[in-house]
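Starting from the structure of chain Z, add chain E where the hints point.
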Amino acid sequence: MLAEPAVVAAAPPAAVPPLLSLRGLSKRFGSLQALQDVSLDIAPAEIHALLGENGAGKSTLCNLVFGVYQPESGQMLFDGESHHPAGPAQALAHGIAMVHQHFSLVGDMTVVENLMLGQVSGVLKRQNYARSVQALSQEYGLALDPHARIQDLSVGERQRVEIVKCLMRNPRLVVLDEPTAVLLPAEIEGLLAVCERIAAKGCSVVLVTHKLAEIKKVAHRATVLRGGRVVAHSTAPAQEMAQLVRAMIQRDLDGLAAGAGAMLGAVAAGAHGETSHKAATETPRPAADEALQINGLSVVDAEGTTRLDNFTLIVNRGEIVGVAGVEGNGQSELAAALSGMTPASDGRFFVRGQDMTGATPRALTAAGVGVVPEDRHAVGCITGMSLAENLSLNRLDRFKRFGLLDRAALRRAALELMERFDVRAAGPDVAFGGLSGGNQQKAVLGREISTDGLVFLLAAQPTRGLDVGAVEAVYGQIRAACRRGAGVLLISSELDELIDVADRIVVLYRGRVMGHCPAEPAQRERIGAMMAGQQA
Amino acid sequence: MSALTLNLQVLQRPALWVSVAAVLVASLVGMALVVVMGASVPDALAAFADGAWGSPYAVAASINRTLALALVGIGFVIAQRANLTNVGGEGQIAVGGIAATAVSLYGGAATLPMPLSFLWPMLAAVLAGGLWGGIAGVLKAKAGTNEVISTLLLSFIAVWMVYGAVQSEALLRQPMTNTATLPESQEIPDAAKLPLLSADADTPLNVGLPIALLLAVVVAVALDKTVWGLRLRAIGLNAVAARRAGLRIAPTIVLVLFLAGAFGGLAGAFMLQGDQGSLKARFSSGYGFDGLVVGLLARGSIPGVIAAALLFGFLRSGGISMEMQAGVPSALVLVIQGAIILLLAGAAFWIDRRKESER
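Going line by line, the protein sequences match chains Z and E.
FYI, our numbering numbers position 176 of the first sequence as 176, with every residue one higher than the one before it.
Quick note: to get our numbering, add 1000 to the position in the second sequence (first position is 1).
One chain only, chain Z, in its complex shape (with noise of 0.2 Å):
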């Protein structure tokens, strides 16, 4: 059954003893309540969910718990006992053990060097630590090479190191913040594997979350958190999906645009058919609406290995075309290439026919080229700023009064785009960097649109660890740029986004283009097998 808070105070009742028990936890930081009043029992064995928004205060929760912050007020019972850890290392010895979103690797070390840090002493077994690793890798399906470098491996590989790291201590809870939001679709069930033989061996799970689709698949019990309070308790989950997306954003699936409904995994790709922006790019178009042509484009890396391999594309006005692949396919370097971020080793390309191969990317702002970097934060904006500063940081000139900054006309820029792009801050003169992550990517988004005379947008995984509703606010964004005529190249791993949003779809394998085909959710098992390689 669905729980409403007002219902049920304190979580549903279990039979057995709960492991974790948190009574009444609040937590502010400043003048942000993150946490207030959450009551929440984890179960022995369980996998439990915990749901919401991007600051909804599950990472504070879980931190919580891990003794990183401690809270104002409330209890917390570890397996009946007060469970108030000072620091990680205490939660830890209590039997806690958390996956951070961000990995704590040392890239130059090998797998078992990584996970003998700080564990043991004196004398290096590295070939016994290393069978006792495989031997734990075995019994969980956590695949490992144990002597290969981290650097070499994928982000998927790097977590399952993190899990090991965990698994090693054989604790009793292991808390999970995010770990999908950095995999792969085929990644992703491996993990939900790896969680349910965890729980089937005695240990709890707290699985942190705003995909659905996972909930449904492997959590035997969910939490909805929405602004530092549980709104929501479910004891069957995939029977209450609807419910739980009501609770988490306050509105129903269907109210929700394609793309962000994609991203929720909980309805099918597609389901929304074709969008009347997909009906109106249907008409032929003369070649000069040509926005972005890219003629056998190379991008070579210091070591000499092709990364992108004769690209060859064209983009129209009014039309998305979404380059589909596993990440890491040359989709970077594309990028890269085409913001004037690094030189392409051959080929060129055209914006409206004049020739930006090797232009900076001063240039290309100024040919009407709008830029949603891969990496925000490396690339996208300067969190040390302000938000005002950062919503100008390409058109600074336009402030200057009596050769000085004219702050007050930055302000008002600024809070134009705000009200635009529904960036949602106390003002803008906060701090980037304190702004949440679809509010960072609604302001670099609103800035790069707003370019003048935007001819083609480049988006590269502009909703990657976004939350429901930010992905349906850039999606939308996305959808108005191309309205008003500009060619839009969106780069994203996560397909179902991609057929939900683009007019086409371009597959990069292995930095090759390994076929085009319309953005239609008939076609995703062809995309499927181009994406792996096969030629279709």
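It should be emphasised that the hints constitute simulated quantities derived from the structure, not laboratory data.
To list a few chain Z residues with every Cβ distance to chain E over 10 Å, as calculated:
| hint | residue |
| --- | --- |
| 1 | 80 |
| 2 | 131 |
| 3 | 236 |
| 4 | 296 |
| 5 | 328 |
| 6 | 348 |
| 7 | 416 |
| 8 | 526 |
| 9 | 535 |
The calculated lysine to aspartate or glutamate pairs, modelled on EDC-like cross-linking and capped at a C-alpha distance of 20 Å, are:
| hint | chain 1 | residue 1 | chain 2 | residue 2 |
| --- | --- | --- | --- | --- |
| 10 | Z | 217 | Z | 240 |
| 11 | E | 1225 | Z | 406 |
| 12 | Z | 400 | E | 1224 |
| 13 | Z | 217 | Z | 46 |
| 14 | Z | 125 | Z | 108 |
| 15 | Z | 216 | Z | 46 |
| 16 | E | 1225 | Z | 429 |
| 17 | Z | 216 | Z | 187 |
| 18 | E | 1280 | E | 1190 |
| 19 | Z | 216 | Z | 240 |
| 20 | Z | 400 | Z | 429 |
| 21 | E | 1225 | Z | 397 |
We put the CB at the ideal spot given by N, CA and C, even for glycine.
For chain E alone, kept in the frame of chain Z given last:
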């Protein structure tokens, strides 16, 4: 070498109370050392006060020292805004001094009307210092050379260039009339010296003071109130994002290190055209490195530079007097300065760790 860069980054913006506490603790360390050396603390303090501010002359001398330190510190802060660390003040002073001497003696400065007669050598020093800093800028922009290394090594070159210049008659050494002729340049003509502010020679304040103050205001405004200053900050905080946003990184790096060097060169001109009058080996006598410490203490602000430069300027004057009157080695001042840096680094490390654990 990465440890050095790291430490400098940690030092970048200590909180005000940390700076003040570091200075106080370091002063206490200094006094403790006076006791250990067997000198009387009251005597030492009296000698210090006498030398630092005991007479109008002492105050003026302290202020002149302050100016050189402040100029180097201002250059440091400009570079710091763009996340560049200029540790080459010493060499920039040195090349500034060489240029000012050469132009004063052989560049026709004496034949020019006032104020060009002293401005022309000053400009030469600015350009020379700027060039010296600019070399590090080009190396950084083109080849990614760490500017901490390049500015430091360029300093060693410049300091020895002064030595070479005053050893050779073909260069700047005064004509040898007898075996006792010192290896230094001729005295520069009076017209090339910085005019005194008052006719009273007891207070040797010169036009360097108003010039430095004006420059401090200009730089403070440029850094905090202009689009240019905002761009520097953007580049300093995240150069990759700044480049993506269309900011010009490489030219800015060259310009910023040119400016930092130009301020060092100007400090050299002030020292030479002010109280020194002739070029001697090692005339820069550590002002560049002290100026670096001033820049670190300033916490990135120009008023901070002025406060720290005043502190160090008066500290130096007092230290010299302490050595002469109370027999306490003036190296004590260096110990105090070193202690300040160590305390700042320690405090920054400690505060960082505390912030981490609070997160």
